[in-house]
Each structure stands twice: as structure tokens, then as C-alpha cells.
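Participant: Next come the chains, spelled out residue by residue.
Number of protein chains: 2
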Amino acid sequence: MRLPLPQVEPDATLPDSVTIYEVGPRDGLQNESSVVPAEVKAEFVRRLAGAGLGTIETTSFVDPRWVPQLADAEEVLGLLDEQGRGAQRPVLVPNERGLDRALAAGVGAVAVFGSATETFARKNLNRSVEESLAMFAPVVERARAEGLWVRGYVSMCFGDPWEGPVPVEQVVEVCRRLMDLGCDQLSLGDTIGVGTVGHVHRLLAGLDAVGITVDRVGVHFHDTYGQALSNTLAALREGVTVVDAAAGGLGGCPYAKSATGNLATEDLVWALDGAGVHTGVDLDALVATSAWMAGHLGRPSPSRVVRALTGA
Amino acid sequence: MRLPLPQVEPDATLPDSVTIYEVGPRDGLQNESSVVPAEVKAEFVRRLAGAGLGTIETTSFVDPRWVPQLADAEEVLGLLDEQGRGAQRPVLVPNERGLDRALAAGVGAVAVFGSATETFARKNLNRSVEESLAMFAPVVERARAEGLWVRGYVSMCFGDPWEGPVPVEQVVEVCRRLMDLGCDQLSLGDTIGVGTVGHVHRLLAGLDAVGITVDRVGVHFHDTYGQALSNTLAALREGVTVVDAAAGGLGGCPYAKSATGNLATEDLVWALDGAGVHTGVDLDALVATSAWMAGHLGRPSPSRVVRALTGA
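Protein chains in written order, with the numbering used here: chain A, 69 to 380; chain R, 69 to 380.
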């Protein structure tokens, strides 16, 4: 039996329509302890598309030694049809080697991943912020020359586990540099989930002040401190219309130390459905997909909506 | 080591100060499968007060056959000092028999619990909405005559598991009747957690239209669909300044079918601390209290903040 849906009560402070940028297959599975077979990953992408998710980040061309969970990027893409490798199916590429692999696989969109802090740049990319931007420059340039859409992630936009709170000015500077490289869109990541609503407002205002308007940015919140949906809605009230989320709240086991899962796509869709905001997502189909993936991962989904609707 | 705190970024859309109405010892423990000894309950109340929570609902004088978890109401209150039974320590009373017991125990504040829907009134109170209001009338009258502060809960203000979405007009009517009985404050409950932000706005507007202003209401959200904090912040933006929450997100096991925990006090405090909203709560002390209670319940806290800060 389907449990009650939220009553639709339009909220004039929110946009009419939101694009959900689904990161479950990449940011989600990359941070799970289980390694999922390529066929399951491809089927996950197909099911997500079937549930109405228009934009799905499918995999990552990082060095397999760093992220063994996604070592099968070519195999996953090979299992997808042309649309499954198209402009609405970005893949992560850290460097030119990754871009070469992505181009060989026939992708239509890529994303580079920068950091707002020096410490995380060194931990995640083994180089300074400046050096990482230098590494991205030819990637973005060549990707654009090949006609690809390019996204730039910015990690640690709110706080950093080693450096503490991250000044807005520092984040804005990295964003500006990535836009100057030619990124089509930025994704502002609260990688450790510490941000709150006023901080969201000030970061977006800081970006606007240097000409990076809300139509060029997506937001990417992790729910480590329970703030992901609230912060997302705060960003939507400022005019942002692209939101990163992971089906089922994948990414970081919620039963392990320092849960770090992404905002669950279902919890976001519940909120937006209730507010009459169009997403194109069929919540029932999405919940079924996440329940199916939870079976492959061998643990319940951390999404509250998935658990409530499946009785998990 | 203390993990990073949110950077304080005042949000002008939120009030300067919020009163947290802590319901962990009552609404939380009432819905836990474990029965906690009276001394642990009393110590829980003392520790919550020590963490800066000014208002704490301590127990319930319902028939012990209905809620065996709180059958020791007199014993718990007997273990608390005078302040622990005072005007800032309400107890739940369903009827005159419950009020008699509460008065004998020397309490300073009581709460009655009504329902916005007929089905839930019958399931929870074994009578119609009209009959339950008739039952509450002498309770509220006598309580006020004794100088007690009186709160009126309204359950199922957003949706009902049997009736589906609940019309705002129906909720407003029950609220109006409870205020007419003489309640000092109402608590608007989303008992099954289905509400979304636009619905919050419309309910508060509906109440305002009949003269029930935001200074007379608290909000009470359950996190079943992950909406509790977002809905709470939506209510605060409308001018509400009283928020119900349960330390550690107690109330309904998150690992069982249809998780129904309350908004976790810690997740609320994290959001309000970050926005510079005064609550008087010491988050470290509160997290330590919830971790201690999780030990007594034999399971991790469902609060994201508690889990992140304790590594549970």
C-alpha cells in the first residue's frame, strides 16, 4: 500500500522547476564500502533514468588505485546506450589522462573536482589548490574543444575537517578561477555537511558579487549534521535551480563513524513534490530503485523516505 | 577531539531567539520499545536541564495500560526537585483522572493532546474529536484554576495515515476550540512527518486568520520523511519561536518499520547555532546526554549530529 503523499501546497519562495543532478552512481557508490558489479551499476543508471532523473553522473575516471569502487568506468559506460553516455551523463575526470579515457569511452560531459582548501586539495589531489587548477586548465580546454559540457566541483565550501570554517572569500576565489577556465556550471560542495542556512545565503551572495550568478551553480550538501535538505531549500530560495542528490542517500555508510551520505534524492523529491516544484521524478519508481540498490549493498537505505515507504 | 562547529552566519529571516520545548523524556521514551528505569528518566531530565534546555516535558499521566513505558510518572517526578516539577516541566494529562494524579505530584504545567482527525482521535483517545474536546474542557479549566500553565497538542495537523492529507480548515477548527478552552499554547503536530514547507505556511496563515497568532503556537515535526528541520525553519521564518524536539531524535526506533522519531534537538541546535539564533543550549553537553541515553536504550542515536560528533 502506498503511504500518504504530501499535500501539494505551493511555496512561492521556491522555483517552479528544479533540475536534480543525480550523483548516486558516482559520489554515492564511490564512498560505499561494497564494490558493486559493473552490470549492477549500469542497471542502476538505467533505472534512475527510468524514474525520471534527467541528469545522472555515471562514473569516474580517476586512477583505479585511488577509487577501486569505480575502477570499471569503461565497462559501465560500455553497458549503457548512447544516451547513457550523453551530455546528460557526466563523468568525473581529474586530469588529462582521465579525460583521454572519458573521450575514448565516448562521453558527452565531464566534471573536474577542485577544493576550496589547501589541506583537502593535498589530501584528495596530492597538490596545492593552485597546482590543481593548473591540472584542470587543459582538461577543461580540451573538453570544451571536443564539445563536451563541463562542470567544476568545489569541495569544502563551508567547512574543512582540518582547517575549520572556510572563509567565503576563499571559496569565491576558487569558483572564479574555475569559471575562468571555462566551466559551464559549478557545484558548491559542503563535503562534511557542517553548513547552515545563513552560510548558504552569504556564499551565494559572495559569488553573485563577482558575477557568478545562481543560474551557473548547483548545490551539493551532505547530511552529516542533518542540514542537507534545509540548506538546499535555502539555496533554492536564493534562485538556485540545480541540486545534487544521491538516490537512497548513498555515500558513506550511515552506520559507520561520521556518516557522510549525500542528500537523499527521495527526501528532496518529497519536499519539492509537496511544494509543487517540478522535478520530473516519479517518486515510487525512485524508491523502488533505491530499495533494489540497498539490496545489492546489503544494508537499508539511509533515506528517510525510502525507509518510510518500504518499511525498511 | 571536537569536530568543526558551523560558522556563525546570522540569517535575518530567523528570530533572534528560540525556545526549545524538549519532548525526549515524554514523546521520545513513550515511543521507544525499551522501558527505562525511573532513576534513569529523572537523570535524563536533570542532564537535559544541565545542557541548558529550559522547558522539558517530563512524563505522562495516561493510563499505564496504554503507555507502559511511562507508568512510573509519580516515581519520576518524586525523584526530581521542585524545579523539576515546575512551570517549565509540563506533563501530559489526558483526562481528569490524569490531572488528579499530576496535581497530587505537584506539577506546575500540563498538556492535553487532541487530534485534528476523527480516525486518530478514536484510535488514540477512543472517542470522537468532539468527545475528546469535552473531556479536555474540565481538565483545562481546573488546571488553570490551580494556576497551572496549559498546552494543547494537536496531532495529525498535516496528514493522517488513515485519512490522508488533512484540510487546514479542519486543523484550524480544532485549534480554535482548544484555545477557547483556555490553553496557553498550542503545539501543531505533524505526527506522521508528511508535511512540507508550503503546507506549514498555509497552516500558520489559517490560524492567524482566526486570531491564533504565532506567539501562541509551537511546532512539532517528526522526521519520518526527512522534512522535520526544513519544516521547523519554515515555521521560524513565519515568526514561530517555540519548537518541539527530542534529544537524540528519540521516539520511534529508526531501525524499525516506519521510523517516526521526533526532530532531533541536536540537529535543530546545530542549525540555530549556525544561524546565530539563541537557544541557551550547550551542544556538547546535549550530545553527551543523548549518547548516554543511547547507551541505556542499547542502540545508536538517530540524530545525525550525535552520530557525527560521537563517531557512533
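Check the hints yourself; a few may be wrong.
Identical copies carry no separate label here, and so any pair may be met within one copy or between two of them.
List of simulated lysine to any residue pairs, SDA-like, C-alpha gap at most 25 Å [what the hints assert, rightly or not]:
#: 1; residue 1: Lys191; residue 2: Gly379
#: 2; residue 1: Lys191; residue 2: Thr378
#: 3; residue 1: Lys191; residue 2: Asn163
#: 4; residue 1: Lys191; residue 2: Arg114
#: 5; residue 1: Lys191; residue 2: Ser101
#: 6; residue 1: Lys191; residue 2: Val278
#: 7; residue 1: Lys191; residue 2: Arg245
Note that these hints are calculated values from the structure, not bench results.
Participant: Hints broken by the structure, by number, lowest first?
Facilitator: 4 and 6
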